[in-house]
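2 protein chains.
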Amino acid sequence: MVVAANRVEHTEDRGSIDTIVSVTKRDMARVNELILSMAGSRVELIPEIANHLISSGGKRLRPMLTIATALAHGYDEGDAQVKLAASVEFMHTATLLHDDVVDESDLRRGKRTARTIWGNQASVLVGDYLLGQAFKMMVDVGSMTALSILSDASAIIAEGEVWQLAAAKRMTTSEADYLAVVDAKTAALFAAAAEVGPVIAGAGDEARAAMRRYGRSLGVSFQLIDDVLDYGGVAADLGKNTGDDFREGKITLPVILAYQAGDEDEKAFWRSAMEDGNNDDAALARALELIERHATLKTTIERARAFGAEAYEAAAGLPPSAARDALLDVVEFCISRIK
Amino acid sequence: MVVAANRVEHTEDRGSIDTIVSVTKRDMARVNELILSMAGSRVELIPEIANHLISSGGKRLRPMLTIATALAHGYDEGDAQVKLAASVEFMHTATLLHDDVVDESDLRRGKRTARTIWGNQASVLVGDYLLGQAFKMMVDVGSMTALSILSDASAIIAEGEVWQLAAAKRMTTSEADYLAVVDAKTAALFAAAAEVGPVIAGAGDEARAAMRRYGRSLGVSFQLIDDVLDYGGVAADLGKNTGDDFREGKITLPVILAYQAGDEDEKAFWRSAMEDGNNDDAALARALELIERHATLKTTIERARAFGAEAYEAAAGLPPSAARDALLDVVEFCISRIK
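Read top to bottom, the protein sequences are chains A and B. Using the numbering used here, the first residue of the first sequence is number 1, and each one after it goes up by one. Using the numbering used here, the first residue of the second sequence is number 1, and each one after it goes up by one.
Source of the hints: derived by calculation from the structure; they are not laboratory data. Heads up, a few of these hints could be off.
Which copy is meant is left open, because identical chains are indistinguishable; a pair holds if it fits in one copy or across any two.
Said to hold, decoys possible - Simulated pairs of lysine to aspartate or glutamate, DMTMM-like, Cα-Cα distance not exceeding 20 Å:
(1) Lys25 - Asp140
(2) Lys169 - Glu44
(3) Lys136 - Asp152
(4) Lys267 - Asp226
(5) Lys298 - Asp280
(6) Lys111 - Asp226
(7) Lys169 - Glu266
(8) Lys250 - Asp18
(9) Lys25 - Glu266
Input sequences plus hints: build the corresponding full structure.
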């Protein structure tokens with residue numbers, strides 16, 4: 001644990017997504033083909049909308065996790081990993097389509113969102129279609145265990161979204177509350193994506209639990225770094241602008257920590273900005289100043305590093321292989337996005 | 001077929017839903033319990049919204065079909081039928097939640113829709129949650145065949161909805177186009193609900209195909225009668241007002257047939273009403289007059305009877321049992337809603 005934590009702390013300059021891209025390259029080519037084919041339909045609007053998102057330059061980290069964790073457990077043939085990886089990406093895409101409707105977002109990864117081009121209605125329904133197709137692919141694999149893991153994740157993700165909608169727009173949200181939402185909204189799919197790899201490889205319960213822990217911790221770490229990038233840092237690869245979360249009233253960890261550390265004046269500012277929508281450029285400038293004053297980006301990065309260290313440790317126990325190295329490098333990549 | 005058709009034609013006064021309610025009573029009590037429990041969540045908003053719809057007086061015809069077709073094939077123990085029936089109802093409820101968002105509907109079964117009380121966002125996400133819970137229950141049953149049937153239905157329903165959104169708002173929609181949408185949007189879930197009964201009972205392919213045909217034809221018949229009721233007839237049990245479809249610009253069979261039979265003036269009226277939204281009370285009065293002039297409710301009822309006869313025939317081949325009689329009576333009930 002100490003070793004792992006130290007390693008994470010000292011490798012900001014070397015973490016790279018290239019290792020996992022390279023290790024999963026052969027299978028990801030098949031995943032991408034399958035995605036295109038399963039996003040097809042006699043109803044033209046479906047591939048039109050699906051491909052808008054699918055081709056919008058996401059890194060496809062989640063399906064790569066499925067491929068890499070399958071490889072790391074010796075599953076190197078067949079097509080179960082390809083179908084499950086495509087399912088995972090469809091679940092993610094469906095979530096994004098619905099998220100953009102719920103958040104009324106106009107931009108994602110620097111491109112107009114599907115809902116601004118084709119409308120909320122089509123975004124909801126195409127999301128439903130992709131989810132249906134995801135389940136069809138899982139059924140096709142024929143592993144009841146994998147189905148159980150992924151259907152659990154599906155319900156947990158939606159539950160987390162409703163929770164966030166219902167309660168998380170209040171500045172009284174605690175760090176624990178927020179981490180519970182991140183756990184459901186983001187980490188649950190990372191965890192499921194990483195766990196189904198060993199499942200189809202026929203690995204035992206311990207291996208499954210380790211990969212689940214890996215995916216979950218990686219997911220939380222990933223989200224916290226995203227939160228930090230939204231208030232600064234180098235975010236070119238995210239297609240996000242500084243302050244997007246702020247303007248959408250999304251309460252994230254840097255804000256929660258700044259609120260908690262603030263005096264009464266500052267607390268009133270945060271409530272007005274996040275709860276009542278007083279979030280113009282001047283308000284963003286003040287928000288950045290308060291975040292700087294209380295060094296909450298630094299604290300958030302520390303939290304992210306701690307989760308990263310857990311993920312690192314979970315994968316470090318794997319037998320040596322290129323896939324294991326790729327899984328370890330992904331952890332470092334997530335953290336090293338912060339310059 | 002002739003016998004079946006004749007029987008359907010002459011029994012408008014006796015079709016009743018009471019038989020299937022009585023036959024499925026024991027299991028439906030368990031289905032209702034399971035529904036309440038699976039609609040639960042630590043996030044209070046979820047049961048609040050789910051129960052609004054679940055307790056809004058729907059007949060629960062779809063889950064009753066699963067119970068009755070399982071019973072008709074000798075499955076009388078265990079809980080697979082209960083879990084699958086609850087899954088079917090959740091899939092239906094999720095579809096209604098999303099439908100009301102997509103159609104911007106304010107009323108359903110005479111009650112305010114969830115979206116008008118809790119908003120579109122919560123309706124989308126709670127629908128997603130119920131769909132996830134539906135898949136969890138299916139996985140719990142452990143039948144890959146049942147999972148395959150229901151996940152197929154899930155994708156087909158969404159595909160049908162997108163199709164309707166994209167193309168079916170034009171008056172050039174043909175009867176065949178419309179029936180294809182009904183087949184996907186409504187009949188696919190009826191078909192799946194009826195098919196999984198024999199599947200868990202371990203019945204053979206022929207029995208499965210017959211029940212699938214039964215559910216599908218019943219579903220089309222059911223929808224066409226709904227379409228008729230929207231332009232008149234006795235609709236007390238539907239919570240719909242005459243002209244709801246008209247005001248929402250939903251092009252249904254009575255309208256398609258009236259358009260096709262109309263002269264240029266009438267065609268222009270329909271285009272203006274359905275495509276451009278000129279659908280005030282005066283327009284509705286004219287629509288009713290044209291529907292009457294071309295007797296398109298009568299023609300639609302004839303179509304519904306023909307599908308009903310197919311459903312009747314498919315179930316008539318079952319060995320005699322109370323469940324078989326219940327399935328036959330449901331067909332007559334659907335048609336006999338027209339006085």
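* Asked: Hint numbers the structure violates, sorted upward?
  -> 1, 4, 5, 8 and 9
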